[in-house]
Amino acid sequence: MNESQFLLAIAGGLFTIGLLGVVIRRNALVMLMCMELMLNGVNLSLVTFSQQRGDAAGAVMVFLTFVVATAEVALAIPIVLLLVKHARSLDVDRYSELKG
Amino acid sequence: MLFMREPMRVALALITSMSSLGAVYGLMGVHFIAAFQVLIYVGAVMVFMVYVIMLLEVKEAPGSKRFSSYVVPGVVVGVLLMAALGAGMLRGPMSSGMLPGEGSGTFSLVEFSSAFLTRYWLVFELTTVFLVGAIVAALAVVNVSRRKQEGA
Chain A
1 MNESQFLLAI
11 AGGLFTIGLL
21 GVVIRRNALV
31 MLMCMELMLN
41 GVNLSLVTFS
51 QQRGDAAGAV
61 MVFLTFVVAT
71 AEVALAIPIV
81 LLLVKHARSL
91 DVDRYSELKG
Chain B
1 MLFMREPMRV
11 ALALITSMSS
21 LGAVYGLMGV
31 HFIAAFQVLI
41 YVGAVMVFMV
51 YVIMLLEVKE
61 APGSKRFSSY
71 VVPGVVVGVL
81 LMAALGAGML
91 RGPMSSGMLP
101 GEGSGTFSLV
111 EFSSAFLTRY
121 WLVFELTTVF
131 LVGAIVAALA
141 VVNVSRRKQE
151 GA
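Chains as they are written, first to last, in my numbering: chain A, 1 to 100; chain B, 1 to 152.
Incorrect hints may appear among the rest.
Stated by the list, open to error - Simulated restraints, written as ranges between beta carbons of each label pair:
#1 Val67/A to Ala23/B: 19 to 27 Å
#2 Trp121/B to Tyr95/A: 39 to 47 Å
#3 Ser96/A to Thr128/B: 33 to 41 Å
Keep in mind the hints are simulated off the structure, nothing from the lab. Cβ atoms here follow ideal geometry from the backbone N, Cα and C, with glycine treated the same way.
Isolated chain A (complex conformation) (with noise of 0.2 Å):
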């Protein structure tokens, strides 16, 4: 197992273990730190590539994470705070009422 095989095994870890926690978690907050960890597995897969081939588009697309991440953060923050407002709770499973 060469370099960027194990740093693309850890990208996937990272992703999966985001995943898991956005599935399996009931914290609305731990959900969107999980997605974030999904973030930045791939930007590490992106990160391995770009620099395995010596290009920098990789980088470039990790650039745009960085934005997507910090917009979406910005973003989801003062919906999940709208949400606790309203049910007075983290628990996602207390949102049910939000079915369309």
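Here the structure of chain A is known, so what remains is to put chain B in place on it, guided by the hints.
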């Protein structure tokens, strides 16, 4: 992160993993991405997250369940995903080192910046549009809560 009950501990674990990723980027030679990882993720996103956790202070009822009802299917899907990723990595072009341009070395910050602002300028401009949209959306969300407060 999967098993801790307190959101603050999850946040601290995430900060640790993000800082370690920054160190990994630094060791890989992409120092500017390492700097941005620490500045943006740890310095902005996670500080915001920690701030919100301290602000909210919603105590979950003792004895409330930590996991949703999707634990078993979720774990199964996670294991399957990990197996699929591993199989793809071991069997794909990565295993024989056939990826094009392997070992062509790192690129410099100068190369990155010129590629960013010449070849990918459109993406850069689209990012600004996206950020303006995000600001408008955040203002809309804040407005919703204010209107609800006035209505109450």
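Hints versus structure:
1. The supplied range of 19 to 27 Å is met by Val67/A and Ala23/B, whose beta-carbon atoms lie about 22 Å from each other.
2. Under the hint 39 to 47 Å, the C-beta atoms of Trp121/B and Tyr95/A, about 41 Å apart, fit the expected range.
3. About 38 Å separates the C-beta atoms of Ser96/A and Thr128/B, a value consistent with the hinted range of 33 to 41 Å.
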